[in-house]
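Asks: Guided by the hints, dock chain B onto chain A, whose structure is given.
Next come the chains, spelled out residue by residue.
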Amino acid sequence: DTEVTQTPKHLVMGMTNKKSLKCEQHMGHRAMYWYKQKAKKPPELMFVYSYEKLSINESVPSRFSPECPNSSLLNLHLHALQPEDSALYLCASSQDPGTRNNEQFFGPGTRLTVL
Amino acid sequence: DAKTTQPNSMESNEEEPVHLPCNHSTISGTDYIHWYRQLPSQGPEYVIHGLTSNVNNRMASLAIAEDRKSSTLILHRATLRDAAVYYCILWGRGSTLGRLYFGRGTQLTVWP
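Quick note, the sequences are listed as chains A and B, same order. Heads up, the first sequence is in my numbering, so the first residue is 931 and it goes up one at a time. Heads up, the second sequence is in my numbering, so the first residue is 2 and it goes up one at a time.
Just chain A, same shape as in the assembly (with noise of 0.2 Å):
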């Protein structure tokens, strides 16, 4: 299994509500990240988790709460967004954190929109 899923894949909120989103692999990869991706623009790496720990957190508001619960499950919980929030999310994961040399699975992302 070399796949990356991710719930919801289309998910609109309100600017009051609290959801969160959910990434899941089983390759035993022991790197999962989040990054956000706005229309027309490349990927911008948000939160790097390394053997369940968060190791990298790219000065992202505090409204974006991620969380590594094992493993195989990344979260990212989400609280009081504005609509410039709206995006589309990727979960990727990579066997090694520490190596330049492997590579990152992506998942599909979840498309949010922030009304």
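Any given hint could be a false lead.
Mimicking SDA-like on lysine to any residue, the simulated pairs with C-alpha atoms at most 20 Å apart in a straight line are [as the list claims (entries may be wrong)]:
# : chain 1 : residue 1 : chain 2 : residue 2
1 : A       : Lys971    : B       : Gln108
2 : A       : Lys970    : B       : Met11
3 : B       : Lys4      : A       : Leu975
4 : A       : Lys970    : B       : Thr6
5 : A       : Lys970    : B       : Ser29
So these bits of chain B aren't anywhere near chain A, every CB distance computed over 10 Å [unchecked claim]:
#  : residue
6  : Thr6
7  : Met11
8  : Gly30
9  : Ser42
10 : Gln43
11 : Gly44
12 : Pro45
13 : Glu46
14 : His50
15 : Asn55
16 : Asn57
17 : Arg59
18 : Arg69
19 : Arg78
20 : Thr80
21 : Thr110
None of these hints come from the bench; they were simulated from the model. The beta-carbon is built from N, C-alpha and C at its ideal position, and this holds for glycine as well.
Replies: Frame of chain A; chain B shown alone:
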């Protein structure tokens, strides 16, 4: 992180070879050159990577200049499915713990 420069867009006809260039004049000796592509409405997917020598896999070939200041991704026979944005990324000493910094990439259009 070291910067890469790619053309904004390129076009090809189906079943013809495609050479996608990438300049990385500030590359350091420990930087790997990675290529990813993103098909419409999908997440990015890994294509190939290399350090110094040319590399081949089932998807593409990577030709790396002798001075490593540039590289070329080669698709030997373009298909309609290869229409995507192609990203050239350097992953090196300043990019530990999985930091992949995507530049603007090259939009490849393949004509039937």
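Asks: A separate judgement is required for each hint: does it hold in the structure or not?
Replies: So, going through the hints one by one against the coordinates:
{"no.": "1", "hint": "Lys971(A) with Gln108(B)", "in the structure": "holds (12 Å)"}
{"no.": "2", "hint": "Lys970(A) with Met11(B)", "in the structure": "holds (16 Å)"}
{"no.": "3", "hint": "Lys4(B) with Leu975(A)", "in the structure": "holds (16 Å)"}
{"no.": "4", "hint": "Lys970(A) with Thr6(B)", "in the structure": "holds (17 Å)"}
{"no.": "5", "hint": "Lys970(A) with Ser29(B)", "in the structure": "violated (29 Å)"}
{"no.": "6", "hint": "Thr6", "in the structure": "holds (14 Å)"}
{"no.": "7", "hint": "Met11", "in the structure": "holds (17 Å)"}
{"no.": "8", "hint": "Gly30", "in the structure": "holds (12 Å)"}
{"no.": "9", "hint": "Ser42", "in the structure": "violated (8 Å)"}
{"no.": "10", "hint": "Gln43", "in the structure": "violated (6 Å)"}
{"no.": "11", "hint": "Gly44", "in the structure": "violated (3 Å)"}
{"no.": "12", "hint": "Pro45", "in the structure": "violated (5 Å)"}
{"no.": "13", "hint": "Glu46", "in the structure": "violated (7 Å)"}
{"no.": "14", "hint": "His50", "in the structure": "violated (7 Å)"}
{"no.": "15", "hint": "Asn55", "in the structure": "holds (16 Å)"}
{"no.": "16", "hint": "Asn57", "in the structure": "holds (16 Å)"}
{"no.": "17", "hint": "Arg59", "in the structure": "holds (14 Å)"}
{"no.": "18", "hint": "Arg69", "in the structure": "holds (14 Å)"}
{"no.": "19", "hint": "Arg78", "in the structure": "holds (23 Å)"}
{"no.": "20", "hint": "Thr80", "in the structure": "holds (21 Å)"}
{"no.": "21", "hint": "Thr110", "in the structure": "holds (15 Å)"}
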